[in-house]
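Engineer: For reference, the chains in residue letters:
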Amino acid sequence: METRGLRLVGRYVLLVALAFVVLFPIYVALVAAFKPGNEVFKDPLVPGPFTLDTITDAWEQGNLGRALTNSAVVAVIVTVLQVVTSVLAAYAFSFLRFPGRSIVFGIFVATLLIPFEATVVVNRRTIEDLGWLNSFQGLAVPFVATAFGTFLIRQVFVTLPTDMRDAARMDGLGHWGFLREVALPLVRPSVGALALFSFLATWNQYLWPTVITTEQDWNTVQSGLRALAQANLDQPNLVIAGTIIVAVPIFVILLVFQKQLVRGLTAGAVKG
Amino acid sequence: MRRLRESIVALVMLAPSLVVLGVFVIYPLGRAVVLGQQRCDPSGRTCESNGWDQYVDVFRSNEFQDALWVTLKFALITVPIGLALGVGLAVLADKHLRGIGVFRTIFSSTVATSVAVASLMWLFLLNPAVGVLADWIGGVAKEPGLLRDPDTALWAVSATSVWANLGFTFIVVTAALQGVPRELYESAYVDGANGWGRFVNVTVPMLGPTLLFVTVVLTSRAFQAYGEFDLLTGGGPQGRTTTLTYLIYGNNSIVKSQEGLKAAVAVLLFLLLLIVSAVQFRMVSRRVHYGN
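Chains as they are written, first to last, in my numbering: chain A, 1 to 272; chain B, 1 to 292.
FYI, nobody ran anything at the bench for these hints, they're computed from the structure. The structure presented is a predicted model; accordingly, all values stated were derived computationally and were not measured. There could be a bad hint or two in this list.
Said to hold, decoys possible - These stretches of chain B come out as covered by chain A in the derived footprint (C-beta under 8 Å, 3 or more residues):
1. 2–11
2. 46–52
3. 125–138
What the hints assert, rightly or not - Derived, one-sided and incomplete: chain A residues facing chain B with beta-carbon distance under 10 Å:
4. Arg4
5. Leu6
6. Val22
7. Ile77
8. Val80
For each residue, glycine too, the CB sits at the ideal point set by N, CA and C.
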């Protein structure tokens, strides 16, 4: 019994120590973000004197209000459209018979193997030719459909018994009606997971916004942080205040949507 | 008649995805393959063929070979360490202890940091002028700084990346651990297996598919990592952190204004990732134990 108690204590000690290690970078950032400019170079681990000036400076210099708005708009556009395109495509693959189905499916699978990083050179040209540099379309449109989302939703659709569809047809329900009234309500948890996943992925995009925007007004949070960092190499605390501003909304969102996050992240693991 | 109508409905439903995937995923890859054998003027608009052996030349060039090596090293450092730490934390926190929820939230927390946020936090941490880590570690950490020393730069970026991905690995493995039936642990316990024995004989086999999934994701993230290098090192010092992605997109890249060569590197990166994932799936399809 005594060794068990000791083990328990040991486990807690280990957990606390590891929690400190994981949180350490965040702690240091928080301390620095709420200190005045020069204080940051002495005792970086000790909080205070407390000020909000660094945060407001970062907000103004980095034009972060604008960047947050841009990121939110782009992420919402991508999320909504990705859910729509994924549900529709998944429905077609699950409930409809049409010529060339396996070929089209094969094309979807193949796109999963193409890393986005290999296509950016050409995609930038396409966006430029469309006149979409520095625009919401340019930031969002390339991502409004994914094979990942399609497969995630299809995975649930294919578990629905075929009798269900047949019964619905007897009741005179067409495909659109069946989708809206029967199939969609059943995949709601997966839709939630997909939505959170695509929101997060879009919000976190780094390479694409830096390639596709040339004007400060079109910075997303990530490219805005990059600009802030490059303009203030000698003011590390200002930059760190910017990262706190950008990180907080996502922290809050993830805390609220923990369940969807776990589903979204583990979706690939259970996919056959 | 019904078949025709079904086909039309299918076309309508698939069209949005097909258009987007066609224009922004499939076409650009095909176009990049062609562009990869061309030489372009600095505007990137006028290109002419330079022959397919341009791919061979690019592959053989010192710049590509160096970047390939850096990329492989980065993956070989970050994937095993990230996996081990994530699994370790998940196993440690997979107990019905008081307050375990707090620890789980903490260990998951880095999932909320984007690459820019994580990189800038570590840039601050490693900044010798601020001296959070530099004062403790001393030596090169103080002067010229871990990110500026050619011997440590890649390791410093790797630490950032491992930290940033830890939350993802922890969450996925924790979810999988909850699916492992308790009876398996109990019977292993009855059979006299100690903690390590239970981990090796129960946890690891049951986690098989999840470990594969995490490995694949971490590997592909490592090969595609860009933001860390852009923000922390700019590909330096002395090209020691110029990965393939940095070679394509980096501001300090030697091929910065040569669209044809950039496309060639991008296509080679695609092929590399294809080979890596094929190898991973082969290796694992032989080893993974799916439950039952």
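Engineer: Could you work out which earlier hints the structure fails to respect and list their numbers in ascending sequence?
Structural biologist: 2, 4, 5, 7 and 8
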